[in-house]
Amino acid sequence: GNSVTQMEGPVTLSEEAFLTINCTYTATGYPSLFWYVQYPGEGLQLLLKATKADDKGSNKGFEATYRKETTSFHLEKGSVQVSDSAVYFCALSEGGSARQLTFGSGTQLTVLP
Amino acid sequence: DTEVTQTPKHLVMGMTNKKSLKCEQHMGHRAMYWYKQKAKKPPELMFVYSYEKLSINESVPSRFSPECPNSSLLNLHLHALQPEDSALYLCASSQDYARTFGYGYTFGSGTRLTVV
Chain A
1 GNSVTQMEGP VTLSEEAFLT INCTYTATGY PSLFWYVQYP GEGLQLLLKA TKADDKGSNK
61 GFEATYRKET TSFHLEKGSV QVSDSAVYFC ALSEGGSARQ LTFGSGTQLT VLP
Chain B
1001 DTEVTQTPKH LVMGMTNKKS LKCEQHMGHR AMYWYKQKAK KPPELMFVYS YEKLSINESV
1061 PSRFSPECPN SSLLNLHLHA LQPEDSALYL CASSQDYART FGYGYTFGSG TRLTVV
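Same order as they appear, the protein sequences are chains A and B. Take the first sequence: its position 72, counting from 1, is numbered 72 in the working numbering, and each next residue is one higher. Take the second sequence: its position 56, counting from 1, is numbered 1056 in the working numbering, and each next residue is one higher.
Please note that the accuracy of each hint is not assured.
With a straight-line cut-off of 27 Å between C-alpha atoms, the simulated BS3-like cross-links for lysine-lysine are [to be verified]:
#1 A:Lys56 with A:Lys68
#2 A:Lys60 with B:Lys1053
#3 B:Lys1053 with B:Lys1019
#4 A:Lys60 with B:Lys1041
#5 B:Lys1041 with B:Lys1009
#6 B:Lys1022 with B:Lys1040
Please keep in mind that the hints were generated in silico from the structure rather than gathered at the bench.
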């Protein structure tokens, strides 16, 4: 079956530091890949997505590139802000019987001023 | 309108109570979902409705009863819950269950449920 593996958290950074959250996946076919963000006390928001190999998703300064050869979709941001403190979930979905989202375990990010 | 609205935001109920969670979307999405999320964990899928018909029930106990009255509304009826059912309940929608893979889901803010 499909699975998503994220780096263990929590991650604590100072403001303006560079962020990488690693995500690798296992899928039988050609999944779409997503990053969701969950701010404290809220639901999940779609941060960015990529639907095919070598696609780069980007939003709010965050980027992730769909790497089929390494089955990875790492999240990066060049300069984090305190307001980026949240839990980040990597997820995938495929067509057919695996249409629903498969989530990684989540990575808690805390950015200190 | 690009939102999924969930009510109530917080709910405290006793183990003998009956309550309902409500979810509404006006994006014309034809697939709707209920998820359960425990603290510091990813969401777990409970139910999928596609074109107002129950498509997937992930072996959820019968004390949780979903209902989809129309294409915009999704309810979750709760009865005789246990303290371990306390969690954040998230509703989500997508354009079409068959085409979820390219689009992702839109999530509501959730209902924080506490069973006492």
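For each hint, the structure was consulted:
1. A:Lys56 with A:Lys68: With Cα atoms ~12 Å apart, A:Lys56 and A:Lys68 stay inside 27 Å; holds.
2. A:Lys60 with B:Lys1053: With a Cα-Cα distance of about 36 Å, the restraint between A:Lys60 and B:Lys1053 is violated, given a limit of 27 Å.
3. B:Lys1053 with B:Lys1019: 22 Å, holds
4. A:Lys60 with B:Lys1041: 24 Å, holds
5. B:Lys1041 with B:Lys1009: 19 Å, holds
6. B:Lys1022 with B:Lys1040: OK: B:Lys1022 and B:Lys1040 at ~24 Å, within 27 Å.
The structure does not agree with numbered hint 2 stated previously, though it agrees with all others.
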